[in-house]
Each structure stands twice: as C-alpha cells, then as structure tokens.
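The chain contents come next:
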Amino acid sequence: MSQIKIVNLQKSFGDFTAVKNSNLTINDKEFFVLLGPSGCGKTTTLRMIAGLELPTSGEIYLGDEEVGMLRASERDIAFVFQLFALYPHMNVRSNLSFPLKMQGYKKSDIKNRVEEAAKLLRIDHILNSNISSLSGGDRQRVALGRALVRRPKAFLMDEPLGTLDAEFRELMCLELKKLHLDIGATTVYVTHDQLEAMSLADRIAVMDGGEILQADEPNIIYNKPKTKFVASFIGSPGMNFFEVNEGISKDQSFVNIEGAKFDIPKQLEESKGSKNFFGIRPENLTLNNNEGLKGSVFGVEYLGSRKIITVKTSLGEIKVKTDISINVKLNENVQVKPLNNNIIIFDGQTDKSLNSEFIK
Amino acid sequence: MDTSRSYLEPSSFSKKMAAAIIIVYAVITLIPISWMVMTSFKNVDSAISYPPEVLFEPSLEGYVNLFTNRSRQSQEYLDSLPPPENWYEELVRSREMVITGPSKFLGRYSNSMIIGFGSTFASVFLGALAAYAFSRFRVPLKDDLLFFILSTRMFPPIAVAVPIFIMYRKLGLGDTHLGMIILYTVVNLSLAVWLLKGFMDEIPKEYEEAAMIDGYSRLQAFFKVVLPQAMTGIAATAIFCMIFSWNEYAFAVLLTQFNAQTAPPFIPTIIGEGGLDWPAIGAGTTLFLLPVMIFTIILRKHLLRGITFGAVRK
Chain G
2 MSQIKIVNLQ KSFGDFTAVK NSNLTINDKE FFVLLGPSGC GKTTTLRMIA GLELPTSGEI
62 YLGDEEVGML RASERDIAFV FQLFALYPHM NVRSNLSFPL KMQGYKKSDI KNRVEEAAKL
122 LRIDHILNSN ISSLSGGDRQ RVALGRALVR RPKAFLMDEP LGTLDAEFRE LMCLELKKLH
182 LDIGATTVYV THDQLEAMSL ADRIAVMDGG EILQADEPNI IYNKPKTKFV ASFIGSPGMN
242 FFEVNEGISK DQSFVNIEGA KFDIPKQLEE SKGSKNFFGI RPENLTLNNN EGLKGSVFGV
302 EYLGSRKIIT VKTSLGEIKV KTDISINVKL NENVQVKPLN NNIIIFDGQT DKSLNSEFIK
Chain C
104 MDTSRSYLEP SSFSKKMAAA IIIVYAVITL IPISWMVMTS FKNVDSAISY PPEVLFEPSL
164 EGYVNLFTNR SRQSQEYLDS LPPPENWYEE LVRSREMVIT GPSKFLGRYS NSMIIGFGST
224 FASVFLGALA AYAFSRFRVP LKDDLLFFIL STRMFPPIAV AVPIFIMYRK LGLGDTHLGM
284 IILYTVVNLS LAVWLLKGFM DEIPKEYEEA AMIDGYSRLQ AFFKVVLPQA MTGIAATAIF
344 CMIFSWNEYA FAVLLTQFNA QTAPPFIPTI IGEGGLDWPA IGAGTTLFLL PVMIFTIILR
404 KHLLRGITFG AVRK
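Heads up: the protein sequence lines correspond to chains G and C, in order.
Using my numbering, the first residue of the first sequence is number 2, and each one after it goes up by one.
Using my numbering, the first residue of the second sequence is number 104, and each one after it goes up by one.
Treat each hint with caution, since some may be false.
As the list claims (entries may be wrong) - With a cut-off of at most 30 Å between alpha-carbon atoms, the simulated DSBU-like pairs for lysine-lysine come out as follows:
no., chain 1, residue 1, chain 2, residue 2
1, G, Lys102, C, Lys327
2, G, Lys102, C, Lys308
3, G, Lys178, G, Lys102
4, G, Lys108, C, Lys327
5, C, Lys245, G, Lys107
6, C, Lys404, G, Lys178
FYI, nobody ran anything at the bench for these hints, they're computed from the structure.
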C-alpha cells in the first residue's frame with residue numbers, strides 16, 4: 002500500500018484542457034473520492050494515475066516512485082471499470098487468475114489467492130460460472146476480486162456502482178466500505194454521486210472544469226465549502242445564494258439584501274468587489290408567517306422524514322428543508338428567515354468563500 | 104382483431120410467404136449443384152445421354168477417372184495381365200484400359216488448400232492487426248488511409264492482371280505458392296480490414312485497458328483479450344476471404360501452370376476420350392465444394408452472429 006501524490010498535473014487533448022495544474026496528496030490506506038459533474042476531469046485524473054493516459058505535464062508519485070510516464074502494467078495498481086470490463090470469454094475463476102498468471106505465480110498459489118479473494122467477496126460459489134450468467138452485483142464483486150487478488154499498491158475505481166440499480170448500489174456501498182476497512186488499501190474512487198462520495202470517503206476532492214476546488218473530509222466539504230460551486234454541487238438541494246450588492250469589509254456582521262438586513266457571522270476577510278453572494282443551506286432556513294423574506298410557495302417535495310419547500314421570492318426561488326410537520330399549500334404566502342447563523346459569504350469575483358467566525 | 108401478437112411480429116401469412124420464397128430460392132440455387140453431384144456419380148455414357156437421365160445407376164467411374172491416369176489397351180494385353188487387385192482396377196479394365204498412375208488432381212487440390220488457407224490466415228491476421236490500429240490509435244490521415252485501402256477494391260482485381268504478371272515474372276513469384284498467397288492476401292486484405300475494424304470498434308477498449316493494468320503488454324492484451332472477443336468478426340471475415348481465394352480462377356489460370364496450379368483451372372481440363380470427361384469434372388467439382396462447405400459449417404455459429412455486425416452485442 003502506498004501514498005499517491007500528484008504534483009502540478011496537467012492533461013490536454015488538443016486545445017481542450019481536461020485537467021488543470023492539479024495537486025493532491027492521497028494518504029496511505031485512505032479512501033479518497035474524486036467527485037464532480039461529468040466532464041470535470043475526475044476520470045482523466047484517475048486514468049493518469051492508472052497509466053491509461055499520459056500526463057501532458059506534471060508528476061505522479063506512487064509511494065516514493067515517480068510513475069507519470071510508466072506504462073499501466075508497470076505501476077502495480079488495480080483498476081475497477083464502470084462497465085466492469087470482465088473478460089466475457091473466460092469464466093469467473095479465469096477472470097480472477099488472469100492478473101496473477103502474468104506475474105508468474107505457481108498454479109497452486111494462484112488457486113489459493115483466487116479462492117481467498119472469492120471467499121472475502123462471497124463469490125466462491127460462482128467461481129466456475131460464465132460472466133454472462135451473473136447479476137450486476139456479482140459482476141461487480143468479480144471485478145473487485147480481480148483487483149484484489151494482486152494485492153496492488155492502490156485501487157482505482159471509476160464509478161464502479163454507476164450501472165447498478167439504486168437498491169443494490171446502497172448494499173454495494175456498504176460492502177465496499179467494509180472491504181476497505183478489512184484490507185485497508187489506498188483507494189481512489191471516482192463518482193458524480195455525492196451520496197456515494199459522502200458515505201464512502203475519508204476525504205473528497207470536488208472537481209469542476211479540470212480543477213480541484215477543495216479536498217477535505219466530507220463534513221467539512223459540506224459545511225464549509227471553499228467555493229460557490231462546491232456549495233451548490235454538494236447537498237441536495239444545493240446551497241441557496243442571494244446576490245449582495247455591496248462590498249464586505251472586515252468585522253462586518255450584517256448585510257443588506259434588497260433593503261432587508263440580515264445577520265451574518267463576523268467576517269474575517271474583506272471582499273474584492275462590490276458584488277458578492279450570501280449562501281445558506283436549505284436546512285438552515287425556516288418558514289413562518291410574520292418575519293423574514295416574503296414569498297409564495299411554488300413547490301413541495303416530500304423526502305420521507307423531511308420536506309423541501311420551494312418559495313418564490315423577490316430574490317428568486319429559495320429552497321427550504323423543513324420538518325415534515327410543516328404544512329403549506331401551493332401559492333400560500335409565507336416568509337423565510339434564517340434559522341441560525343450558518344451563513345457563508347462568497348466573493349463575487351473569485352467565487353471563493355470569505356473567512357468568517359463560521360468558516361475559517 | 105387479433106391481439107395475440109405484437110405489431111412488430113410478422114403474421115403467420117407473411118411467415119409462410121417468407122418460407123415459400125426461401126424454398127423457391129433454395130431450389131433454384133441447388134439445382135445446378137445437385138445436377139453436378141449427380142453427374143459425378145454417373146458413367147461417361149449416361150452423363151451425356153439425351154434426354155438427360157434423372158434416375159441412373161450410380162457409378163464411381165468419375166471419381167476413379169479423376170484420381171488416375173489411364174491408357175487404352177488391346178483385349179489381348181488385358182487378358183495377359185494378372186486379375187485386377189481392387190475394385191477400381193476392375194472398373195478401369197471393364198473400360199478396356201489400365202491405370203498408368205495417379206492423376207495430378209490431388210496435387211492441385213492440395214495447392215488449393217495451401218494457397219486458400221494460407222492467404223485466408225494471412226488476410227485475417229494482418230487485417231486484424233491493421234483494423235485494431237485503425238480502431239484504437241490516432242493514426243495520421245486515418246480516413247484517407249482507410250479510403251485508400253477500400254479503393255483497391257473499386258476495380259476488378261483482374262484489371263491489373265498484366266502488370267502483376269510482369270511483376271511476378273521479374274520477381275520469380277510466378278507459379279509459386281508464396282506468390283499466390285501474397286496475391287490473394289492483397290486482394291482480400293482491404294475487405295478484412297474494413298470488416299474487422301467494424302467489429303473491433305464494437306469491443307469496448309476497457310477490456311484491453313483492464314488487461315494492461317493487470318500487467319499485460321498491449322500486444323499480449325490484443326491476443327488474449329481482443330482477438331477472442333472479435334471471434335465473430337474473424338470467422339465472418341475468414342469465410343469471405345476463404346471463398347474468394349478458394350474459387351479464384353482468372354489469376355490462377357494466368358499465373359500458375361505446374362508447381363502451384365490450383366484446382367479451379369485444373370478441373371475443366373480433365374479430358375477423357377473423345378471429349379470432356381463430365382463425370383470426372385463433376386467429381387472434381389463436388390470434392391472442390393467440400394472444404395468451403397465444411398469450413399463454413401464449422402464457423403456458421405459465428406457467421407450468423409457476425410453478419411448482423413454486432414448489432415446484438417453488449
């Protein structure tokens with residue numbers, strides 16, 4: 002097992018830059034998730050770590066070794082593909098022993114290791130089955146098994162649960178987490194699904210437009226996003242933003258939005274320009290009938306234990322996550338106000354969050 | 104209204120129509136072939152009798168004549184010989200002839216085998232490598248190259264017969280197995296590249312990537328992972344290549360005489376006494392059909408899937 006370090010990594014395809022100047026350190030035994038919308042460069046980053054793409058510039062360290070220009074076969078990593086890429090002309094056992102055959106293990110060793118991995122993944126009863134007869138979950142387990150048998154320096158996974166149906170995905174999520182705890186291997190996992198990322202990751206890197214915007218623990222990513230994109234991408238629904246047409250100065254503790262005054266955490270940093278954003282998560286807002294921003298109910302979504310109410314106001318649509326007990330009808334007039342002071346001001350010029358008492 | 108079937112399913116009437124058309128087509132195409140097979144089992148007289156005999160007494164004379172050279176002898180000479188050792192000598196003697204040795208047919212037939220399978224293997228192998236490269240790599244001028252490869256089939260190959268004849272004579276490739284294998288491979292290669300590229304495009308590149316991560320080189324991944332999955336396409340391509348090089352007549356007539364002559368130019372030259380020996384020609388042609396037929400039957404499972412061009416893969 003090894004640490005993975007990326008230094009100034011860049012990848013261009015012709016005029017298009019898929020990954021821009023990225024720096025990242027993935028600790029030994031960490032479960033690290035690269036999260037972002039499609040086309041954000043997360044898969045390209047992963048493929049460069051794997052050796053399936055060569056970087057345009059920059060370095061990749063696997064342990065102490067610089068591997069950026071090595072072939073995939075020389076890197077000792079395992080890769081789990083979204084479509085599994087199990088060899089359809091071989092049965093489960095041959096699929097699992099395929100990577101070991103290349104490394105010149107003895108037949109009995111191969112057999113032992115295959116059976117050990119199969120037992121761990123609970124696929125020992127289907128070792129002699131054909132790939133085409135397996136269910137999606139079993140294929141996923143075989144794909145993991147093929148990665149496991151080699152005991153590589155790191156596991157790379159490219160949306161491995163993407164093709165499974167929702168119910169199965171949750172189950173496999175749990176299994177993956179457990180597997181990671183059992184074997185403690187450095188894992189880099191790519192997904193666009195924030196729920197998967199939140200539940201699996203030790204740390205998450207959020208990417209957009211080829212850039213790594215923030216890399217941190219899931220709760221920090223969620224509660225203290227460093228950029229407006231991270232704040233809107235993480236959470237469902239994402240953060241609400243209101244335009245603030247004034248500069249923010251140091252020590253400021255309120256802002257004016259459309260004439261109304263809102264308390265904000267004491268700011269530790271001033272804004273660059275005079276147009277900024279006030280960001281608040283839907284669960285930090287509440288509905289009432291006598292104070293706050295006026296609006297009318299535009300939509301109600303039930304999430305089981307919670308409700309998301311969309312309110313149309315003069316500042317645009319606002320999503321409020323409330324208790325299930327709150328009953329409102331469509332077009333009913335309501336008022337929205339912050340529940341607490343968990344508010345983040347984003348600089349309008351850089352899209353970065355400004356440091357405050359709440360977010361340092 | 105009949106709702107027991109979906110609109111997409113053909114009605115029983117159109118199914119019957121389809122079956123009827125296929126049967127008529129099969130009969131039309133099979134009549135010459137069955138006539139040929141029948142001729143091969145006739146004797147020389149009934150083969151050319153008029154009106155043609157549909158029912159006849161089967162004889163192996165055609166096959167015996169195909170494989171042997173014979174000479175006519177006087178009755179006194181035949182009487183002086185020891186009794187015939189086997190059935191075919193007896194058959195030949197009854198025609199007042201003796202066997203003077205084996206005919207050239209077996210040699211021509213094995214030439215056909217060597218050249219047919221050799222060029223098929225070469226076309227498919229080289230075609231698969233080229234198709235893989237075109238399918239996976241950023242080849243400069245890829246589209247132009249592919250068009251160029253296809254353009255070699257835009258004229259009948261025989262149009263270049265004269266330059267090839269001169270070239271082969273200068274190079275010493277005339278009347279050699281190698282020369283014929285190269286020639287048929289050249290003709291088949293464009294078809295092989297185009298057909299196989301279609302199949303290779305259908306194979307997700309993740310398979311090779313997985314193999315490369317598992318420690319295999321690209322070439323090893325190609326042989327161990329890509330080729331087995333392209334079997335459908337390889338089978339279909341191999342059959343097309345085999346049929347062409349097995350049946351090819353014009354170049355074989357032009358470029359081969361003794362050493363590397365294939366069966367197609369040889370069979371029509373089987374001459375009996377006082378004309379063509381039709382049963383022997385029928386026998387030669389019947390035997391000539393067999394390898395392609397067996398080859399196609401062996402690969403049929405792949406061929407049927409292959410002709411739909413991977414439409415049902417994935």
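Comparing the hints with the structure gives:
1. Lys102/G - Lys327/C: 12 Å, holds
2. Lys102/G - Lys308/C: 21 Å, holds
3. Lys178/G - Lys102/G: OK: Lys178/G and Lys102/G at ~28 Å, within 30 Å.
4. Lys108/G - Lys327/C: It holds: about 19 Å lies between the C-alpha atoms, which stays within 30 Å.
5. Lys245/C - Lys107/G: At roughly 44 Å apart (the allowed maximum being 30 Å), Lys107/G and Lys245/C break the hint.
6. Lys404/C - Lys178/G: 44 Å, violated
Hints 5, 6 from the earlier list are contradicted by this structure; the remaining hints agree with it.
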